[in-house]
Amino acid sequence: MNRTRWLIATLCVVALVAAACGDDDDDSASSSAAAEAEADAAAAQEAAEAADAARADAEERLAEAQAAAEAASAEQQAAAQAELEAAMAAADEAQAAADAATAEAEAAAARESEAQAALAAAAEIAFDFGVDVDEQVIRVGLNTDLTGAFAPLTTKITDGHEAYWEWVNANGGVEGWTVEPVVLDNAYDVPTHLENYEVMSGDGAESVVMLATSTGSPQSAAIAGRLVEDDMAAVPLSWYSGWADPEIGQNLFEVQTNYCIEAMNGSTYMAETYGDKVAIATFPGDYGQDAGRGVKVAAEALGLEVVYDGEGAVIPGADQTPVINGIVNSGADWVWATVNPGHLAELMGGAFSAGFRGHWIGSNPSWNPALLNTAVGPIADEFYTHSAYTVLWGVGEAEGMRETIDVMREYRPDAPFDDVYIYSFIQGYVVQQILERAILTGDLTRAGVLAAANSVTANLKGLAPEQSWRGDPNANVVRETYLYDVDLSLYTPGATVSDVDGNSGFRLIKGPYVSETAANWEYEPCFVAS
Amino acid sequence: MAPAAGSLRSLDLRRGAPLGFLFGALGAALIFGLVQLANDPALFFQTFMKSLGLGSVYALIALGFVLIFKATQTINFAQGALAATGALFVAFLVQERSVFTGDAIQADRYGHIPFTNLRNPLNAMGGPDWLYWVLSVAIALVFAAAVGLVVERLAIRPMVGEPLFSVAVITLGLEIMFRVFNNDAVVIDFRPVHAPWGLEGFTVGGELINWSFIAAMVTAAAAFVAVYFFYRSRLGIAMRAVAFDQEAAMAQGINVGRVFAIAWAAGAVLAAIGGIFATQPPVDQTLSVDQETANIAFRALPAVILGGLDSVTGALLGGLLVGVAEIYAGQYAAANTSWLGAGYPLIVPYVVMLIGLLVRPYGFFGTPEIQRV
Amino acid sequence: MLGRPNLYTSYQQENQLLPTWTQKVVFTLFVAVLFLLPFDLPVISQIPLVRFLGDGDWLLIMSRMLVFAIAALGLNLLSGIGGQVSLGHAFFMGVGACAAVYLGGTSGETTWGHGLPIWVWLPGAGVAAALVGVLVSPVAVRVRGLYLAIVTLGLVFLGLHFGNTSWGTKIAGAPAYGRDFPSLDVRLWKEETPLLDVSSSGRWLWFEVTELQKLYLFMLTLTILFAVVAKNLSRSRTGRALQAIRDRDIAAEVMGVAEFRYKLIAFAVSSFFAGVAGALFAALLERLQVEQFGLFLSVEFIAILLIGGAGTTAGPLIGSFFVVMVPEFVKAFTKWLEAAESGPTEVLAGAMLTDGDDFGIINTAIQTPGWTLSVDAWNIVLFGALIIVFLIAEPLGIFGIWVRIRNYWKRWPFSY
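Protein chains in written order, with the numbering used here: chain F, 1 to 530; chain S, 1 to 373; chain X, 1 to 416.
Keep in mind that the hints were calculated from the coordinates and are not lab data.
There's no promise every hint is true.
Stated by the list, open to error - Derived coverage of chain X by chain F (criterion: at least 3 residues anywhere in the stretch with Cβ under 8 Å from a Cβ of chain F; other residues may be distant):
| # | stretch |
| --- | --- |
| 1 | 167-175 |
| 2 | 178-191 |
| 3 | 218-228 |
| 4 | 279-290 |
| 5 | 373-383 |
| 6 | 394-405 |
As the list claims (entries may be wrong) - Listing some non-contacts, in silico: residues in chain F with all C-beta distances to chain S over 10 Å:
| # | residue |
| --- | --- |
| 7 | Asp319 |
| 8 | Arg357 |
| 9 | Asp406 |
Unchecked claim - Not everything, but these chain F residues come out facing chain S in the computed CB check (under 7 Å):
| # | residue |
| --- | --- |
| 10 | Gly350 |
| 11 | Asn373 |
| 12 | Thr374 |
| 13 | Ala447 |
| 14 | Gly502 |
Cβ atoms here follow ideal geometry from the backbone N, Cα and C, with glycine treated the same way.
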């Protein structure tokens, strides 16, 4: 007798566990009903073993549960009813109850997924993560640097990016969908970038369909493999020449040209303008050596003489005497520098002090208009040529330019003046057009967005040349750059975007410009890092 | 007792050995220098002045380390952040002349004080402008001293009598906090500090020697003379007594807290002066504070260790030695040492320090700790 | 009388890993919970924090915390027990990571690597770091106190430089770019399918386990292993000798403790821990970048020791949890505030948050208006402030607080 009791008790426990496990897939309404049903099942089982009084008690509770179940929808009520019946049966035969509960839970789960499918079918859109169909919201991720080494630049880009989506959402959104940017700070740090990526690629409240920004080369390289695993697309904020190579950056959609081609165009222009003796001074790594290779490709094609090769010789934070001496003693006509603004100032100022009067040009991120406000401003005014990937603020009458200026003035009237908002809008256009295509093809899954990115041709509304990422990278890679003269007299320090005459000291020389070297160059990563 | 421990400890070299090492190094440098001098005297002279300029900046920072160490027996790792903060004070005062003319300072929405029309500091600093600059520096130094006092009162004073390393780690915490605020203040990348002499200089044999080199040297010399006399004043003697034995000094009626406070204020002022020179050649060409300005203290640390943490003379000589080693290595040895990698002058101070410490564990002029069981 | 706290009848009994039954039971339960934490199990997920930490992306942060704990245990042996203050722990981690990628990485056009399995490169990382530790110990043993701190600080700068030079890049990858790091998959040799697949979601025995859960379990196992080793070392002859040196080195020497030998051992073992942790850190990211192993990382470990409680085995573990997780909690808290819509939370959010136009402490706008900082910047400030506050208010760290609470209740209601 005792044994039998134990057996029944054990079976009851099994039934309860099974019910608990099966319960997971139900939604909250049905699970609350089911939970009460379970409680009753337990009560009823106890009652069956004990006495009639307990059975009466169970029936009373059962009535309660039925009342609760009535509150739920008809479908769920049926489920709860069936479950209650099963619970009643369990009072007599525990094993049967276990089977019934499990079966019922499975049935409920099946109904649930059917309902979801029906909902998606109603919207005619497939989706997995980062999309809220009820609210018609798509989330895109900005994994960017807000406190790290590049924060002065990237906070502005991110601010402009948010302004862009505010404007888009206020004007009907993307095909009726609201786009919500999820901004996380990577502090220009690889571990933090990865942790943010895990959040964005997960299935929580901050999951996204694609990364609209992945700031930094090492950071983007660190997530490149995971992007492929997760079938996700990302736009890197980094212009390394390797991203266009499917081996290195299969799911990274580099916008605009790369450091290498930029250097070819810039070198060609400088050689035509100032002479054929060139000195190179760059940071080590993908950024500096990518550009260094570009200069050398141009030098070979045009027969220039590299009189000082400081590729990778500029070490951040070190005393730059060796590099400055190298440049000064080489007697170069012009110098290509791929560094950051602080080191550019050190090189230009140091070389100028030592009597060097050659011209300077650098990769786009080497320059910061704030330099014009420092002691090297006059030197830059006279000797520096700025290379850029886009038209800059206020240049030309393109549709994108008008939109950028108008939207920034309307949504961020007090934001400090800067040309980088152009990048925000270019990124915005690219992401919007990818999402539009994904919606039109009815597939807002991550894989669907990735496919859309691989088939779209992004129209950057005159801010930069059109771009697509289908097929052969050699055919796709953008080869146009823009060259600007730095002019101190145009510079308006302390301006905001609302200032009509705001200018960061640039005068367009030419652009979009493709040098013959760049046009004839067969694409390959200029700098291989592994 | 294990022989290994004994043998290493008994390898305590007597005074002759370090001096021999010093003279040996100096002799080698002299011969090397003479060869270079014969090759290109003007370049050699320029390099010499440059290295003394850099050495003076290091010496100024090192002096701040030593002042604080002598009073509180701890290394102030926040010295770099204090340097940047001091330079930032100057930047704010110089950019906004309204401090002197009475115009209201109007911060923009982002809390940053906008630039005035001091567009071209090379020209704008002429005339009476240098007076504004000197006044700004003077006021900024007062601010810096105030920051030093506050930091001492809040974070250092409660630690009197605690293990020295704990105090050093507190300063590391301070460094981390200060850097965040500094970086928030330099958010537009460059905060011009300017200087009356700008980037200009005079030429010797066609090679430019910046006025800033001379200014750094003169300032460092003045600072050392001031400290020399300070240590002979009543307060200075009290400070030395505290450095010698805190408890004994307290028993003699010396206010140790006040000594601490003064040492920190003086250390912060020296850091600020060093920070201002860290925006000028040969350290920087922009005459502006940026995120890297604070790193000057980590470049100067080997100088302090090499000279000895508690030696004023050591700070001066250590600073100059490290400056000379760094600049000369960059100027003359770069071509022959590519296997060491580009930018190796940056680690030359640390290598010099490691070798120096092998010979003299308390630096060349530091007082060895007397240990009793 | 047996089983009473603080009653020990033999030295061995006092020196046990877990002296009392209560401790044994609680500890076993605690470890069990740690192992079951990533899985959504009925009973365990009712414990506060467990479901929160064991969920999805928090597991990656938890894994990083465990790796930091291994390194902190190593630093504790050197600094907490041996009294030798080192700011160069990040350097030894970097050495370990570089050695591991040299042994386990794949060679490419610009990088060296041998593609060896994990049972070679993980111990190899530790051994390489330990060898470097032994190499620098002649200098390190000669200098004391703050001089030692600066010497080890110098190591960090030297390491960063050589990791970025022409031949250093063959191992560490391009400067500011890095290289791919071998995954944690366990292989017998270089075969295609791993013996134990750690780097992708899949089946372990009969259970479906995600990649993050695998990483967490892997790191947890290693951390417990290293914690036991560290604990045993600290209660052995070596540990006692090191403590004697810490408390008064000359006195220790007079009593016959071979100072040089034990300092050497401390450096070697601590570097071994650091090397393994460095390799695991890079493996967690599947990416090696030398810039990671800078001064800030070293300071983080000092902070972990001081906040957790130096000189104890539990201290580094608690400290790692605190230092790694608190910033994440602050971030989560800010997000929760931002999402608040009504009630007292909303009032709190109004007081705490600002987007530039009203008063607030934490800035939620992208471009920081005024002098308020973003939550990420505040986190760095908080980190610095925590170091200062703990040193001033509670030098024994969280472990010290715990000991005081425990002692209070042990004697309750007789508090004296």
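(request) List in ascending order the numbers of the hints, as given earlier, that are violated by the structure. (result) Hints 3, 6, 7, 13, 14 contradicted; others consistent.
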